[in-house]
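Given the sequences, and given the hints that come with them, work out the whole structure.
For the protein sequence lines, the chains are A and B, in the order given. Reminder that position 223 of the first sequence reads as 223 in our numbering, one-by-one numbering, no gaps. Heads up, our numbering is the position in the second sequence plus 267, with the first residue counted as 1.
To be clear, the hints were calculated from the coordinates, so they are not data collected in a lab. Do not rely on the hints blindly, as some may be mistaken.
Said to hold, decoys possible - Listed next, with one range per pair, are the computed distances between beta-carbon atoms:
{"hint": "1", "chain 1": "B", "residue 1": "Leu511", "chain 2": "A", "residue 2": "Arg166", "range": "16 to 24 Å"}
{"hint": "2", "chain 1": "B", "residue 1": "His524", "chain 2": "A", "residue 2": "Gly40", "range": "38 to 46 Å"}
{"hint": "3", "chain 1": "A", "residue 1": "Asp154", "chain 2": "B", "residue 2": "Ser500", "range": "34 to 42 Å"}
To be verified - If you want the footprint, here are the derived chain B segments under chain A, 3+ residues with CB under 8 Å:
{"hint": "4", "stretch": "352-362"}
{"hint": "5", "stretch": "481-492"}
Claimed, not checked - Residues from chain A shown here face chain B by an in silico Cβ test under 7 Å; the list is partial:
{"hint": "6", "residue": "Thr95"}
{"hint": "7", "residue": "Phe122"}
{"hint": "8", "residue": "Arg133"}
{"hint": "9", "residue": "Ile140"}
{"hint": "10", "residue": "Lys186"}
{"hint": "11", "residue": "Leu187"}
Just so it is clear, CB atoms sit at the ideal spot from N, CA and C, and this is done for glycine as well.
2 protein chains.
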Amino acid sequence: MKLSRRDIFKNTGMMMFGSVIGGLAFSGQRASAVPGQHEGPPELPWPYKKLDPQGAGESGYYGFYKGACCYGAFEAIMSQLRREVGYPYTIMPSTMMVLGEGGMAGVLILCGALNGASSAIFLVKGGLERERREAAFILIRELFNWYEQSPLPDYRPKAPKFEIIRSVSRSPLCHVSVSTWCKTSKLKSFSNERSERCAWLTGAVAKKTVELLNASSEGTFKPMHRLSAGTRSCRSCHDQGSVLENTRGLMDCGGCHFPKRSKHPKI
Amino acid sequence: MKLSRRDIFKNTGMMMFGSVIGGLAFSGQRASAVPGQHEGPPELPWPYKKLDPQGAGESGYYGFYKGACCYGAFEAIMSQLRREVGYPYTIMPSTMMVLGEGGMAGVLILCGALNGASSAIFLVKGGLERERREAAFILIRELFNWYEQSPLPDYRPKAPKFEIIRSVSRSPLCHVSVSTWCKTSKLKSFSNERSERCAWLTGAVAKKTVELLNASSEGTFKPMHRLSAGTRSCRSCHDQGSVLENTRGLMDCGGCHFPKRSKHPKI
Numbered sequence: 001m002k003l004s005r006r007d008i009f010k011n012t013g014m015m016m017f018g019s020v021i022g023g024l025a026f027s028g029q030r031a032s033a034v035p036g037q038h039e040g041p042p043e044l045p046w047p048y049k050k051l052d053p054q055g056a057g058e059s060g061y062y063g064f065y066k067g068a069c070c071y072g073a074f075e076a077i078m079s080q081l082r083r084e085v086g087y088p089y090t091i092m093p094s095t096m097m098v099l100g101e102g103g104m105a106g107v108l109i110l111c112g113a114l115n116g117a118s119s120a121i122f123l124v125k126g127g128l129e130r131e132r133r134e135a136a137f138i139l140i141r142e143l144f145n146w147y148e149q150s151p152l153p154d155y156r157p158k159a160p161k162f163e164i165i166r167s168v169s170r171s172p173l174c175h176v177s178v179s180t181w182c183k184t185s186k187l188k189s190f191s192n193e194r195s196e197r198c199a200w201l202t203g204a205v206a207k208k209t210v211e212l213l214n215a216s217s218e219g220t221f222k223p224m225h226r227l228s229a230g231t232r233s234c235r236s237c238h239d240q241g242s243v244l245e246n247t248r249g250l251m252d253c254g255g256c257h258f259p260k261r262s263k264h265p266k267i
Numbered sequence: 268m269k270l271s272r273r274d275i276f277k278n279t280g281m282m283m284f285g286s287v288i289g290g291l292a293f294s295g296q297r298a299s300a301v302p303g304q305h306e307g308p309p310e311l312p313w314p315y316k317k318l319d320p321q322g323a324g325e326s327g328y329y330g331f332y333k334g335a336c337c338y339g340a341f342e343a344i345m346s347q348l349r350r351e352v353g354y355p356y357t358i359m360p361s362t363m364m365v366l367g368e369g370g371m372a373g374v375l376i377l378c379g380a381l382n383g384a385s386s387a388i389f390l391v392k393g394g395l396e397r398e399r400r401e402a403a404f405i406l407i408r409e410l411f412n413w414y415e416q417s418p419l420p421d422y423r424p425k426a427p428k429f430e431i432i433r434s435v436s437r438s439p440l441c442h443v444s445v446s447t448w449c450k451t452s453k454l455k456s457f458s459n460e461r462s463e464r465c466a467w468l469t470g471a472v473a474k475k476t477v478e479l480l481n482a483s484s485e486g487t488f489k490p491m492h493r494l495s496a497g498t499r500s501c502r503s504c505h506d507q508g509s510v511l512e513n514t515r516g517l518m519d520c521g522g523c524h525f526p527k528r529s530k531h532p533k534i
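Pasting the structure below:
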């Protein structure tokens, strides 16, 4: 949408009137009265324009070194949306996503790149209503299944600090993803190479997310990654309506359960 | 901050001038030109006023039935902050937090109540700089350790649908938290009682979070929950600078590793 100068003056006049009325209405409350800022954000989903996957990959890589994995993946998509769409993405505080660093405040639970990317997907596709939630969830679950099953990171930045070996996490857990990569690469979890691996991975997740959002906006999206055969077998006894019905999850069970060495090795 | 009517008219006039200039500057770009909405949100942390923990508990309970666990915990805190502080909480799209339902889009990884509550903590305490991140992370980690070690849910709403038994999750994973409660309560994972348990838990996490934020704002916060003795022992061989250095996590290792039955029972 491109507005003429006349439109802008007209809209601004309307906004001024609205701001004065809004400001007066709020002036008796404890809330700080900044006119025009009480309207609240528009309801989700927010508008989308087709984005550049390679650009998102590169931004994700550099974003990692600025605000870690979750911020990196989210901001890689937000920065393009602010440029291509503008408002309401301009009011979104991306810095909030720094919280997802190291699988959530360093706790190592949920891969931060998945966390940030899922948040971006939900802004573009989601909402409070069941139908809207599901429209976002189908993309998020495809992203999670791709992440569990693919040799990653599959995005190589233009100017990497190190070359990075790929591994298959079989899990969206930051802890499992990192430790599996450490085992495959024979490198340490606090090494500079491990940081670089997570920077590449942030790029890879941001790129994949843009590809999914582009396909969805074009109407060509189809889920390509099913739950693993092992997990589908587990669900026959543990999922809804089964004999046990004691979980509801969609993670790959094999990422954590029944590893080869079930007891701690002798120390 | 309370503004007089004269202040509001003066500020609105300034805003109109700024909006026109801003609007003209943006009129040649692809971004949609909505005057006054290009400024971006204020940097974190956002201002805080002492909130009501009981009110957050009750809001969290009802919020669960509106937008699930993550939205419920986040909005329980945001609704009070919008009322007590106003802007910039008024521009935050809480609906985004619906994505955390069922441990993230139903994948059952990170407890949604923890996810939503952590996001609220980060808005109030966090930022991009290392010092700011750590100020938020120390509260988030205390919340996670409390969640892992306490018999929960410890918030009972005023008008519950069912009475709910407590369990100790030993993990921030939605999957482990739910399955442990199913085992303790002998109830199913898709039952109405399990939903009610997660609604109570959303209230419990929202209440605890407000208590932590209040203590932090008063300068009386001290971490009360250490990592378990077992986890500290694990870290001596697996954490930074150790022999293996193959993880970085702060979850309770015993929540997943070395359960009593290490092999799947005979089917």
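query: For this structure, which hints from the list above don't hold up?
result: Violated: hints 5, 10 and 11.
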